[in-house]
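**Student:** Put together the whole structure using the sequences plus the hints.
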Amino acid sequence: MPGKSAADRILAAIRAVPRGEVAGYGEIARRAGLPGRARMVARLLSENDDHSLPWHRVLRSDGRIAFPPDSPQFAEQVQRLRAEGVVVKDGRVRGQRAAASIDEILWAPPKRRGK
DNA sequence: CGCCTGACCACGT
DNA sequence: CACGTGGCCAGGC
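The opening position of the first sequence corresponds to residue 1 in this note's numbering, with each subsequent residue numbered one higher.
Hint data in this document are derived by calculation from the structure and do not stem from the laboratory.
Note that the structure is a prediction, hence the values are computed from the model and not measured.
We put the CB at the ideal spot given by N, CA and C, even for glycine.
A few of these clues could be false.
Here are the simulated distance ranges between beta carbons [unchecked claim]:
no., residue 1, residue 2, range
1, R80, R43, 14 to 22 Å
2, S5, D70, 28 to 36 Å
3, Q79, P18, 27 to 35 Å
4, A6, R94, 30 to 38 Å
5, S61, S5, 19 to 27 Å
6, P68, R97, 18 to 26 Å
7, R64, R43, 16 to 24 Å
**Tutor:** Below is the structure:
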């Protein structure tokens, strides 16, 4: 149903990221069918208030946190990621580049599901 | 309608 | 890996 708004698809893509994995803004936008709208994803998250949304799993393409190291949000994101088993070092995620494998995340069938 | 800003990205050095 | 430059898009004024 192509009636869904861009913002809705973006949020869906973010929610599609499983616990313990991370994704990049650009990759999220791409999976949402909005190539080149990485900034829109960022703006959306900045406005978003949904606590059920795993915003902490969204990083920059470099695998780095999108917040300055001295920001409270930065600490929060790092803590949340570590709580999920993600290795964070100096504000950057180790063990998996942000979104380089988002396709795997959305297409991989590790969990039984209709598809 | 034009200008500035931003949880960005890719490329080259 | 760090820094600088240009590009792209959406919002607010």
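**Student:** Hint by hint, note whether the structure agrees.
**Tutor:** Each hint, compared with the structure:
Between R80 and R43 the beta carbon distance is about 21 Å. The supplied range of 14 to 22 Å therefore holds. For the pair S5 and D70, the supplied restraint of 28 to 36 Å holds, since their beta-carbon distance comes to about 35 Å. Checked against the hint of 27 to 35 Å, the pair Q79 and P18 fails, with Cβ atoms roughly 19 Å apart. Checked against the hint of 30 to 38 Å, the pair A6 and R94 passes, with Cβ atoms roughly 32 Å apart.
Checked against the given bound of 19 to 27 Å, the beta carbons of S61 and S5, roughly 24 Å apart, stay inside it. A C-beta distance of roughly 21 Å is found between P68 and R97, which places it inside the suggested range of 18 to 26 Å. Look at R64 against R43: about 19 Å separates their beta carbons, and that is inside 16 to 24 Å.
Checked against the numbered hints given earlier, the structure breaks only hint 3 and satisfies all the rest.
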